[in-house]
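Colleague: Starting from two chains that each stand alone, build the complex the way the hints lay out.
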Amino acid sequence: MDKTNFDCIVIGAGNGGLMAALRLLKNNKKVLVLERELVPGGYATSFKRGRFEFEASLHELCEYGDKDNHGELYDILEEYDLNKEIEFIKIPEAFTVYDKNGKQYSFPTGIDNFINKMEEYVPSSRPSMEKYFALAKECTLAMKYLNASHGKADTKVLMKEYPNFMNVAAYNIKTVLDALKMPILAQELLTTYWSYLGTPSKKMSFVHYTLMLYYYVVYSPYIPKLRSHAISLALANKITSLGGEIYYGCEVKEIIYHSGEVQGVKLVDGKAYYSHHIISNASPHSVFGNLLTEDIPEEQLKIANSRELSGRGFAIYLGLNKSKEELGLNNYSYFIYDTLDSDKQYEMMKSLDSTAQVVVCLNSVNPTCSPTSTTILYFTSLLFSDAFDKEVTKENYYELKDRIAKNYIERFEKTTGIKIQDAIEEIEVATPSTFYYYTASRDGSIYGYSTEGLDNMLPRLMTMYDEKICKGLRFVGGHSIRSSGYNSAYISGDIMAKLTLGDMKEDK
Amino acid sequence: MKVKVSLFSLSDKLHFKHLKRDRLKKISLSPSTPLKASYKSEEIANIYHPYKQHLIITKIEELSSDIKLFTLSLDKKYPCKDIAPFKAGSHINLIKEIDNGIISRAYTLFSSPKEALKENNYRILVKRKEGGIFSSYLIDKCQVGDTFIVSEPAGFLTYNRLRDENDVIALASSTAISGFISMGYAIADKIEDFNLTIICGLRTEKDNIYTPYVEDIEKRSQGKVKFVFVISDEKSENYEQGFITKEIIQKYARTPYSIFISGSQDFISYITKEIAPLNIIKKDIRIERSIDKYMGPDINKEVNIKVHDRDEIINIKGTSKETLMTALERNKILIRSNCHVGGCGCCRVRLITGEVYKTIFHGVREADQKYNYLHACAIYPLSDLEVEIYHY
Ligand SMILES: Cc1cc2nc3c(=O)[nH]c(=O)nc-3n(C[C@H](O)[C@H](O)[C@H](O)COP(=O)(O)OP(=O)(O)OC[C@H]3O[C@@H](n4cnc5c(N)ncnc54)[C@H](O)[C@@H]3O)c2cc1C
Ligand code: FES
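Sequence order for the protein chains is A and B.
If you count the first sequence from 1, position 27 lands on 26 in numbering that gives the first Met the number 0, and the numbers rise without skipping.
If you count the second sequence from 1, position 301 lands on 300 in numbering that gives the first Met the number 0, and the numbers rise without skipping.
Because the hints were derived from the structure by calculation, they are not lab data.
Where is the CB? At the ideal position from N, CA and C, for every residue including glycine.
There may be inaccurate statements among the hints.
Pairs of lysine-lysine residues, derived as DSS-like cross-links and limited to a Cα-Cα distance of at most 30 Å, are as follows [to be verified]:
| no. | chain 1 | residue 1 | chain 2 | residue 2 |
| --- | --- | --- | --- | --- |
| 1 | B | K305 | A | K265 |
| 2 | A | K252 | B | K39 |
| 3 | B | K19 | A | K155 |
Ranges of calculated distance between the beta carbons of each label pair, as one might list FRET restraints [as the list claims (entries may be wrong)]:
| no. | chain 1 | residue 1 | chain 2 | residue 2 | range |
| --- | --- | --- | --- | --- | --- |
| 4 | A | P107 | B | D192 | 39 to 49 Å |
| 5 | B | K357 | A | Q262 | 40 to 50 Å |
| 6 | B | I97 | A | K467 | 53 to 63 Å |
| 7 | B | Y136 | A | K467 | 53 to 63 Å |
| 8 | A | T174 | B | K357 | 55 to 65 Å |
| 9 | B | K80 | A | G452 | 37 to 47 Å |
| 10 | B | D265 | A | L37 | 29 to 39 Å |
| 11 | A | K507 | B | I132 | 51 to 61 Å |
| 12 | A | G452 | B | S31 | 14 to 24 Å |
| 13 | B | K3 | A | V156 | 13 to 23 Å |
| 14 | A | H149 | B | R160 | 53 to 63 Å |
| 15 | A | D294 | B | E96 | 34 to 44 Å |
| 16 | B | E204 | A | K224 | 53 to 63 Å |
| 17 | A | T154 | B | S31 | 26 to 36 Å |
Over 10 Å on every C-beta distance to chain B, these chain A residues come out as not near it, computed from the model [said to hold, decoys possible]:
| no. | residue |
| --- | --- |
| 18 | E71 |
| 19 | G101 |
| 20 | E325 |
| 21 | L351 |
| 22 | K507 |
Pulled out of the complex, with its shape left as it was, chain B reads as follows (with noise of 0.2 Å):
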């Protein structure tokens, strides 16, 4: 079809000619100011979410022989001037270069995120785990003055009101409460508005190292967040006994509820089977992961891996009991990490050549496997490998 467009008057080719002129002109009577080195939004983003954050042991708590509360505050010899802010039920990343190589763990936080803000610290509940170099390390060895480097505060267990219920039934194991303590302590503090009930397993009354922070938040929290402790090797008056079951989480639930779950690998497999005949769907259901491990026959293989960084090429030995990245920080290579289960995407690596075995929770984009790119906390080399990772 033939168009033909009149406009208003026939200096209108002369206007399209003069754009370029009419631009040229702005330019030239723009002000040479400096720009702005920084807006609001750029702030708030730099606070919640720090490259790299400098703490020091301030202060250590031995609540039982072998649980220790620590409190992190900012090494005042890095000009950082505020912890980064979180959502209870967050965790943080703990990197520490000790003799043999660097140890990087995930803890949760136990603090109010309130007063964390206020009083600029964190503070993370450790227990003594068989065989954990960390927990041993942090245990055994850690001081006041020690110095860590601490990723900024991540985490998927954490409540958001418009996907989760009012109600929330917590389930926990031992000091995997650390991250509902820290939403007792939200709400308490008029910061977030749920009810929680937290229902913990201990082995004996001895365990409940709990006491002051459980009447601290239910006084102030207004019938909001109740606790309930299940005692499973004594007898006792004062609570639940034997295992959590699905009739202990009726007995206190309200329906409709959220269950969040926390705690080691054999209390997450005990409890999804106790709770499955209560058909909660799924989207109601948060669990914490912990990792699975390679449990194949060639356990103690040694392998070699060529390690890619940036131009460097370094060589090291890794083994298939152990994951990428622990071998990787066995070998003083550092990379970044947050949740160590193979989730959030942070150790993302490229495999170049090998095979790996993937834990269950190895949750890569999809297109990631096209390319080959994994995550490192999650896959344990089953022959030699070739990769290419990025440093922190």
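So that you can see chain A by itself, here it is in the shape it has in the complex (with noise of 0.2 Å):
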């Protein structure tokens, strides 16, 4: 084999990518990946600002944990020795809510902690908790059988074991949280993790979103010490140290396909590469919107027109001057929402006058993130429409930035008494736009495909073998079969890896 041929070749190094390219080098295939940022990681990066080095995008990994008590993440990473590598930190806790009226509601980890605190907030919730997490735990078991059976999932088993998954694994949360008897409030109080998802109650399946619930309040949620750039810059050094290639800088111009399949990459600068398997972290709308457009399977066509983008990403980074207990910062997470109803949060979230915003505060837990006496705090949010594309225009960006920014800074300070203006030393705010610059990702969507009804993680698993492929060509990341979230894009590497080393067996 020559310089430009490869077994597989990986377009975009982010979480979804690294992961893949791991487990073929891990099968002794030659592999190369094509990055066109100059640092791996895709929104698993980070950033510096005076004397503040920013996290990109992490607040929470999921799936994590620790030696006696993980998830499938910290298997997959101790499988690469990647656990001693990066330094992580838990975190104790698992959000703080407010409501509309700044009423505030702390939510510990652990699964009594968290039905116990349910109760004092909402008196006579415990039935319905308990019944909870029970079932929440059967749906963990249920999708460990699905995903262990390839597709081929015995009905009789699921319905001897998992009666109850079966019966919920259809509906939304709204549905089956109401057939639990529920009390409302508490409901709301549980379906805080929403934005993290980014579709609410009554889109939302309830194995999907229970699923992340559950991995939070049992594995307790971690981040990595020296930002999601570390766990990035591990597996890429890992990558290298199993004889992979990672080409920085190489943006991908055309996918080459012909012959009914892929036969290589052409980048921006003219130069090609060559495999029959490529493995894509750029979605499919990228693919087939931009890099690979003539002689499009219609079925590839059919699968994309029928999924949406996910929200559009909005952050603020905000480097402050003053130390988080001068300012009053005491938790690590602050969901702030306009109403506790996800559904009529979500509907609010189509347009720019909505200020409900996920904020974190890195100190909390990583007191040696900035310097002494500074504080690192940094905003989340999702617009749910093209309500930010309609009104962008070329002159207006950089005040449309400044004066969005303002508004969910205030909002913060007025919901929770923090007064935070007088300390801002950096500010650097992330708009759908700056999101798309970075990775690519379109329209600055920042979670993958939507995964309301259909489209949520079970159905997106239960097909994966039936939805047809374009030859040689498999998707990785938030647009993948697990959807978005850093558990996920990773996970959906590894899957999608373990497909291509089935493609290649077919090959010969």
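Modeller: This is the structure in structure tokens:
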């Protein structure tokens, strides 16, 4: 094989791409990763401003844990010896959420603690909460069984072992929580994390949401001490040490496709690399919108057209010149909603007027993340429409950015009573345009495809072996089978690389 | 605990089984129409962050014997239709291939951000620097029609109303006033709104080549922008005398204020000491840095540098006197660059083996240090090196 031929080419060194490359390398394949940026990770990165190093995206890592109590992500990193390599910090709380009157609810991790707290806030919620967590546990076991059965799950086993899972699996959160007779306020508090998936209670699969919440509560959320960039670099470093190549600053412009299968890729600078197997961290909307535009197999367009982009991202990163104690920032994450009713909130987030936000104070769990007497605080929000696209122009971009940022910051101050404006030493604002610029994610959507209705994790996984693929081309990351989130993007990389290894066997 | 969740009907389990069928059906019923090739947010991103701009010099104005004002417009040979917009105070990075290699330098934009977009050009003020290869090239050789590769505008010495005070005192020496003139225009053109007092140190009256711009900006800004020139080398009734001092600052400042500083390294060291007694908090002082040179004993040491660029290996020579970036550029290996001070990360490289001197403002991410990623514009080789680079 010469220098331009590979067993597999991975487009994009985001979480999904990096993990996929590792699995292939572990199976002794010759792998080339092409990344348009100069750093690996996609969203999983950090950036410096003045004396601060900001985390670009990660609030909380899900499905991780520790040696004795952990999720799948821990196992995967262990396989590559990376749990030692990367220093992780456990976050001792689940979340703090504010209702529209500024009333604050704080939840700890651990099932019992969580249920007790809920009982404090919502008396007589206990029976339904206990049922909920028992059901949640059954769902996680059922999913494990489904994943292990590679699309050939035995209905009899499911009926016998996971009957409740079978009962609820097709329903949205709201329907199931109603059936559990959970008081409304408890339902609303329980679904606080909805904005991490970007799909509200009536549109969101019960199982999908529940898995996420359960993993956070049971394994606790984690973050890497040196920002997500530390995970990305550790993965990239592992790729190189296993003999893989990563070429940075290399944007793929075209996927070479003929005779019914992929042949390789062409870069923006004209250089070509060849392989019959491509794993793309760029989404189907990017690939079939820009990279492979002729002779697209019809069913690929149908699949893509059956899906919607997820929320467009908006984020503000603040470096403050006071300590979190001076400012009174006592929590790690602050969920601030206009209403605790997620379906109503979702509708409100179709407009630039909404200031619903999730705010993280990094120093709360990572005290050395910034110099003494300073604090890193970052805001994330989502837009569920083209509200940004409709308003932004070449002329108003800076002004619009500042205006939205100001609204968010003032909203935070008003709700929490914590004054931060006078302490701003560094500020960076990321709009959908910024997210697109750094990851090429369509329209700056940050959570892959929306998980509404039939595009949640469960049906994605169930049809994994039935959906046709464009021969040789598989997708990883937030748009792939497990939907978005660090854990899901990583795991999708692992799964899709395994399928690609299967495709390679079929070649022979 | 044992749970039993009964929902609505016996068909719940069937619904589960049907998820697969329903999803496949939904797909089969979806249209096979082409996907959107672009969204508005993407177009904005592409306008603001072009990968490379190809510009051509369309006008050169001689403002004094060693200062020229260059106008750079789009080179019509390339498809791009608009220059990238910028915030006043930003710089662009000019790249040019000359006889013995490539050179790249950052220049702060002098233009009014609004006019620039209207006229589709950038303006930069260039002063001859002693021993400066690029400035001499621009002043002595460069002509209308010459072309450059230019980065997107960027920079950290820009105004932000959420961060900075309403009043800004801008301190500059000589042509480093460029970015502040641009800010003055932004205020005069009403695209930014704050009070700006620009205090600029000059040697002689003759160095004040800014009168037409000053008059235009002061007139249109309705009192929001004020210029104060301080002359050091001769007596004059029209100007403040001597160097910029804390007294002069206090004379013109209205508290609270932010201080923005731009100038030569000497000016910055002088002025930071001078303003120390004013007790302005760190967050209200923003400085346009310039790079410190390696001054060690073995400054003339020659080193061999083995460069990995994708699957190619190139062997070049460098010295401890020049940065890794300069060594690469002299050998016509172009990597991205922007700030040239070690802060933006455009010139990221991986050091595989060897020793380097890192300048004070060499600022990589914490995890980068662990895996030896460095910024080529702000490191000087101290030994033979092996590096991985990402060409531009
Ligand atoms: C502000 C914010 C907060 C978040 N918070 C959390 C959180 O707390 N917990 C959590 O689990 N998740 C969170 N997420 C979501 C999470 O970051 C993503 O789901 C995940 O990183 C997606 O990974 P991905 O594999 O899809 O890759 P992406 O990050 O989308 O990476 C794709 C990569 O491919 C590259 N690429 C694209 N096109 C090309 C091309 N043509 N040629 C070469 N390279 C290309 C891109 O440059 C990029 O590096 C957050 C996201 C954001 C933006
Ligand atoms: S060019 Fe900015 S760090 Fe080197």
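Colleague: Work down the list of hints and note, for each, if the structure agrees.
Modeller: Hint by hint, here is what the structure shows:
no., hint, verdict
1, B:K305 / A:K265, "27 Å, holds"
2, A:K252 / B:K39, "20 Å, holds"
3, B:K19 / A:K155, "17 Å, holds"
4, A:P107 / B:D192: 39 to 49 Å, "46 Å, holds"
5, B:K357 / A:Q262: 40 to 50 Å, "44 Å, holds"
6, B:I97 / A:K467: 53 to 63 Å, "55 Å, holds"
7, B:Y136 / A:K467: 53 to 63 Å, "58 Å, holds"
8, A:T174 / B:K357: 55 to 65 Å, "59 Å, holds"
9, B:K80 / A:G452: 37 to 47 Å, "41 Å, holds"
10, B:D265 / A:L37: 29 to 39 Å, "33 Å, holds"
11, A:K507 / B:I132: 51 to 61 Å, "58 Å, holds"
12, A:G452 / B:S31: 14 to 24 Å, "20 Å, holds"
13, B:K3 / A:V156: 13 to 23 Å, "18 Å, holds"
14, A:H149 / B:R160: 53 to 63 Å, "56 Å, holds"
15, A:D294 / B:E96: 34 to 44 Å, "40 Å, holds"
16, B:E204 / A:K224: 53 to 63 Å, "57 Å, holds"
17, A:T154 / B:S31: 26 to 36 Å, "33 Å, holds"
18, E71, "22 Å, holds"
19, G101, "23 Å, holds"
20, E325, "13 Å, holds"
21, L351, "13 Å, holds"
22, K507, "27 Å, holds"
Checked against the numbered hints listed earlier, the structure breaks none of them; every hint is satisfied.
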